[in-house]
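For this one, chain A is given, so just place chain B on it according to the hints.
Number of protein chains: 2
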Amino acid sequence: MGRVADVPKKVDHQERREEIARALWRVVEHQGLAGATMREVSREANASLGQVQHYFSSRTEMLAFAMEYAAEQTAQRVSLAVGEVAHPRDVVRVTLVEMLPLHPDSRAASRMSAAYMVEALHDPELQERLRAGLRDGRDVLEHLLRQAIADGHLPPSRDPAVEANLLVALTGFTPLLELGVLEPAAALAAIDEHLDRMFVQSECCPVRPFPAGNR
Amino acid sequence: MGRVADVPKKVDHQERREEIARALWRVVEHQGLAGATMREVSREANASLGQVQHYFSSRTEMLAFAMEYAAEQTAQRVSLAVGEVAHPRDVVRVTLVEMLPLHPDSRAASRMSAAYMVEALHDPELQERLRAGLRDGRDVLEHLLRQAIADGHLPPSRDPAVEANLLVALTGFTPLLELGVLEPAAALAAIDEHLDRMFVQSECCPVRPFPAGNR
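Chains as they are written, first to last, in this note's numbering: chain A, 1 to 215; chain B, 1001 to 1215.
If we strip away everything but chain A, and leave its shape as in the complex, we get (with noise of 0.2 Å):
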């Protein structure tokens, strides 16, 4: 086949992954991850089992597919809505808030990320896999807040290091959040203050003087 024709089923490909990625949320979000094998992913997608095997060789490379798919939406999200937004602190609320189940397909990434993390403690590929994810994930957030320090938008007493790490634990939110026991709006106020008190630079008495050098 000449290159002209493979573009377009390249696309229809990666497109019709896609779509099976997002059968494989739904069956996780309403029967759990044991739930999504190839025959109820493919019902869900309403595929046949061939076809979705056509897709993906192995449960395993689905279930990867689904996962990475899920963190890419969730970046796009995060892109969106920071838009044109300048200031660090919204980048970071923007990127807490997404990581939250507060909306239907966050809800479906947070809840397979639950469930990936429970059976990877059985299973060390899944594992190294969830491990780098996450640390590029805690990575980004450490770039973004040394550079915010950098710029001036946090006292310079913050240590990035501690910051990103006190941010990602905050996706604490999601038990929380998914029985429940807080309303989106109390975890949101509990955010704010948090983002409050790491950006503030007090007027009264600053922490630490910002050294001559970097003014």
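The reader is advised that the hints may include incorrect statements.
What the hints assert, rightly or not - On the chain A side, residues computed to face chain B include the following (Cβ under 10 Å):
(1) 17
(2) 115
(3) 130
(4) 140
(5) 186
Quick caveat, the hints were computed from the structure, so don't treat them as lab data.
By construction, the Cβ of each residue, glycine as well, lies at the ideal position given by its N, Cα and C atoms.
Positioned in the frame of chain A, the structure of chain B alone reads:
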């Protein structure tokens, strides 16, 4: 049977249930919650299936007991660790640390919680049980913080509900620790930074003065 004979029998009964619960923790730790069938737990506990069924009428009852026993053990570890320490900052720190997978017992409890959480998304009864446990834990923290404000250990500008929510959310360190993205020391450093910032009594510019009637 007389009452004298009943007492040791009841003690044995409770002890035996706790042994089975600990066997269940080990099964969950190594195989996940799905692996924790009555048969597998009886094998781990060196008991017959019939013996386990004598102590628990169903798998659900066994799981519920194991979860509640884990929560009790966590509470007991907290009381032991807190001991005579009176400052609420230490109480809060010990509570947080005991909720994280930093040693074998708390790791077993933490893994059980995570597995239960994933299962609970598709099981309303389990969901209600988990919700009650999490809400109670959160409410205990809020009460403690309210008292800390009344005693002048926490700035009166703090909202005890918001602070309790942030503390519970910090159990989000769990996946970071489980996957080895963070070393325990880094999680503890971040927790200390959070507590420092939360408990800080600014000397130069209190956010809100203490009302005269409260001093």
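Hints and how they fare:
1. 17: 25 Å, violated
2. 115: 5 Å, holds
3. 130: Holds, about 6 Å.
4. 140: Violated, because the Cβ-Cβ distance from residue 140 of chain A to chain B comes to roughly 13 Å (cut-off 10 Å).
5. 186: Holds: closest Cβ of chain B sits about 6 Å from residue 186 of chain A, inside 10 Å.
The structure fails hints 1 and 4 (numbered hints given earlier, in ascending order).
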